[in-house]
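Enquirer: Whole structure, please, built from the sequences with the hints as guidance.
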Amino acid sequence: MINRVGIDVGGTYTDAVFFHDGRILNTAKVPTQSENLVETLMNAFDTLKIPDEQTINQITVSTTLVTNAILQNRIPSVELLLFSGNGMNVNALPWPVSYLKLSGEMDFRGREIEAPNLKEWKRLPSSVLQDNLAHVAIVGKFSHRNCLHEEQLAAYLKQLNPSIKIALGHEWGQANFYRRSLTTYLNLGVSDIYHQFAQQLQAAVSARNIQAPIYILKADGGSLPLAKIRPIDSIYSGPAASVLAALTQSDSDSSSIIVDIGGTTTDIGLILSGVPLLSSKGAQIGAFSTLVRSLAVRSIPVGGDSVVRSTDQGFIIEHYRLGPAYCLGGNAPTPTDAMRYLRLIDYGNLQLAEEGLATLLPPEGRTPQSLHDLATEIINKVVDQIAEAVDSLKREWEEEPAYKVWEVLHPHESKEFNTLVSGGGARGIAAALGKSLKASVHIGAFPEVSNALGAALARPTFDCTLHLDTYMKQYRVEETGEQGKWTGSLRPHREVEGFLETLVQQQAAHYGIEIQDIEKEPFDFFPIIQNYQTVGQIIRGAVHLRPGVIGRVQE
Amino acid sequence: MKRTGILFFPAFDWSLGDTHPEREERLLYTQEQLFEEGILDLPQIKQFSPRIASIKDVLGAQALFPNPEAHTDTLDPHLIAAGSAILLGEAQVNGEIDNGFVMARPPGHHSGATVWGNRGFCSLNNEAILVNHLRAHFGKTRIAIVDTDVHHGDGTQDIFYHDPNILFISLHQDGRTIFPGSGFINEMGGPNAWGQTLNIPLPPGIGDEGYHYIMENWVLPRLEAFAPEMIINSAGQDNHFTDPLASMNLTADGYGRITELLQPDLAVLEGGYSIETALPYLNLAILLALAGEDYHHVREPQKLKRSSISLAALKPYIQELKKQYQTLKPEFKIQNKPNFPKGNWIYIPHSVYYDTDGFQETRHDYIRECSNCAGTVYIESRRFTQKSVLVRIPFQACPDCEEAGYDLWDHLQKPSEHYTSGLLQNQLRDKQDVWNREEGLRQF
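If you read the sequences in order, they're chains G and D. With numbering that gives the first Met the number 0 applied, the first sequence covers 0 to 554. With numbering that gives the first Met the number 0 applied, the second sequence covers 0 to 443.
If you are wondering where the hints come from, they were derived from the structure by calculation, not from laboratory data. We put the CB at the ideal spot given by N, CA and C, even for glycine. Check the hints yourself; a few may be wrong.
Example chain G residues on the side facing chain D (calculated, C-beta under 10 Å, incomplete) [said to hold, decoys possible]:
hint, residue
1, THR46
2, LYS48
3, ARG110
4, GLU397
5, GLU399
6, LYS403
7, GLU406
8, TYR510
9, PHE524
Sample of chain G residues lacking proximity to chain D, with all beta carbon distances greater than 12 Å (derived) [to be verified]:
hint, residue
10, LEU271
11, PRO526
12, GLN536
Expert: In structure tokens:
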């Protein structure tokens, strides 16, 4: 029997659902106390008034903790030490943090080009060598191929300063030295805040005698146990939750455009044949480019509460809100007032909506016809921005880079999309959006708590990407940064499948999750040739547990 | 800083043979290097995804003999490389990017006006297909192609040899010491395009300094005099000192400087088979130079092992070549065939060896002397018993030349003639007709 709780921490409100046997039994909405998220979460949980808390199987939380800590610059300083080597000038890219460059270089096969220089290490600043609260991130170019220099320096520092916290770049084993550096930096920077939160939350749940494991929702729409997740992976789980919520309400292999209209932002996502579209690049958070796997989501700065302001040329929709809509007692006209005036929604005061819109027109021009036109125009402008974001998402999908002949010859088939709109203004724009996208538009069920629902039903995700160089006798796993010695043959075939399978099992056991519906990418085999002889192979292969939900919801 | 497009198509699932230099592994380490550097995160870099060229695009530059269908099984990767060049070329012409690098396999510059198969690893000429596409659809008229591959760009030369609106410059290791054995100073262009082909054969052992000297003192002034609307660089990377197939002495930094000097609108990867010790660094340096970034920190791990030819020794050699180039006079033979339309037809016999599959193509090229346009070209091409004909009516053809082209086209289809097939390449009207004795006529 599925008994799950999902809680989504939003900027203003925190929503919760209790999902039991295919149905939502209870929902809750409480104000978010951004200073005390654990209390907020427990408050939402208690408001659900679940009769028998012992039967809960899992609690999944989507939290803004890490996102906000980064965006509000509330992370302790981290010393960033780089083995940056030769190549592109490091400062050609925008670095939001300072760093120190050290000598020592690896190449793309993980061969040492230049050894580190011990003299440089001895001259490192006292903030690294002596401060026993120091946080130090060490990242080498090509450390995902060979982490030797990172580990040597870590050992050196640990010996001098045993209590410092060190994070190594190769644990983020995808290519991209720049993003690896910033990701390592951020993950270390938020680790204290996160671990404190995790402990408190676990303690609060345990205090209620609840045995259910706590899971955290990640940017890629998957959930992992509270203690296993890498903190930085929990950013942007809100938009991911709204995409998952759509999955709980659609056929398992349909393709959908998800539009979630909030107060001042609208999130747009894409589901392709039942699988949410992942971003081909890592997530961007503030000034940081990361390697965090995330769903491809566009957030546009327009929502039901966005202020509409008149200008010489008509009006513009601002990126901010000034309290609620005019028709709900606010001071400025908003798209919500336009929806109310046109009777597309039934909440808010009709008279006030008209008053609010009228402030955008010169006194002599406030006729019913011009108010009607204005309201229609406001909604169309919102819809245009959404449609543009939808197009850009579809382009991202259609124009994914292809590196193989086969891929170019077998492009994505065009799909029939339906559109699912949720959030406060859903009803208000549904008709106009359908017209603009030329697609059928549905209003999501439970728009008030859809993110919490998405979180409640989220499945775990994980990826295991193997890079094996049989000539160098080295293997690496991108997602965990594991690097090890390959003892198999130079040209393995079946052998490598079994090897990857073992890695996957180990990873699943580490996370404590069950694996099902696993997707295997075909292996790429690159024969390594020297003097017209095959001397080994580079093999790349991956398995994915894609984001998804454990069940559908019945209305 | 320049907005630079990159189309990276390494064809990871395609090779010309298990241990062939043109194999899956060729751009693998380049990918590792570029991605690890985070080059796609540079704000001015935009990545594009590949596209397939159409057969019509190909036929606008090259004849596929005996007919396009004969190539179907092998052409896909080549069509993607050519299509990728077109895609990035269009982005440049549209102003979406300032310049771009088509880093695609397979290469193309040994593939000429008539194609019976693969030679020098090339089946389709990516640059030529791109150039004629831009002329047909984007109104480009004057384009320069500078080929810095270590091998002579004989295919590109062949395609544009009679075209006064295309300047083709090839710098390469002397043909007496390397494939394909051509590209001498006296190959200067056909009767209507004399001087529009410039070959600079180089002695083995030229280094950065020497190469840059030639760029600055010969190539750039020649380009300036031509004043092209667009410069395309056939960016082969086999001048590197570690290349296994050639004997030049250039470095990654030297390649960056070539790009910086040339300022191409589009660079198109050609050869280069030192896939570990050169390509990752050269591709990076070229891309950085295009994007207006500092490339001086790009350094290949190996050190130069031999010394380069000194500038003092190189200068007199170049002086002598230049003198020959300036004093050479065209010597063309007029030879009209019976049934040829009116005018003077210059006859140039020609044979092409296809090294990949090991066969010979025999060609008889005829060009109509014309002072009003580039002149109609008539090429009879034979492989074993098959005889095919290319009739080319050039861009901006004069009425006489166009009429001459159609007369020739009608004549070869007569039952009394014994040609297998033919292509009418009407560049003036962007129309390609393929004719086959058995199947008749098809229009593209």
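Enquirer: Next, verify each hint and record whether it holds.
Expert: Here is how each hint holds up against the structure:
| no. | hint | result |
| --- | --- | --- |
| 1 | THR46 | 44 Å, violated |
| 2 | LYS48 | 49 Å, violated |
| 3 | ARG110 | 8 Å, holds |
| 4 | GLU397 | 8 Å, holds |
| 5 | GLU399 | 6 Å, holds |
| 6 | LYS403 | 4 Å, holds |
| 7 | GLU406 | 8 Å, holds |
| 8 | TYR510 | 27 Å, violated |
| 9 | PHE524 | 8 Å, holds |
| 10 | LEU271 | 17 Å, holds |
| 11 | PRO526 | 7 Å, violated |
| 12 | GLN536 | 9 Å, violated |
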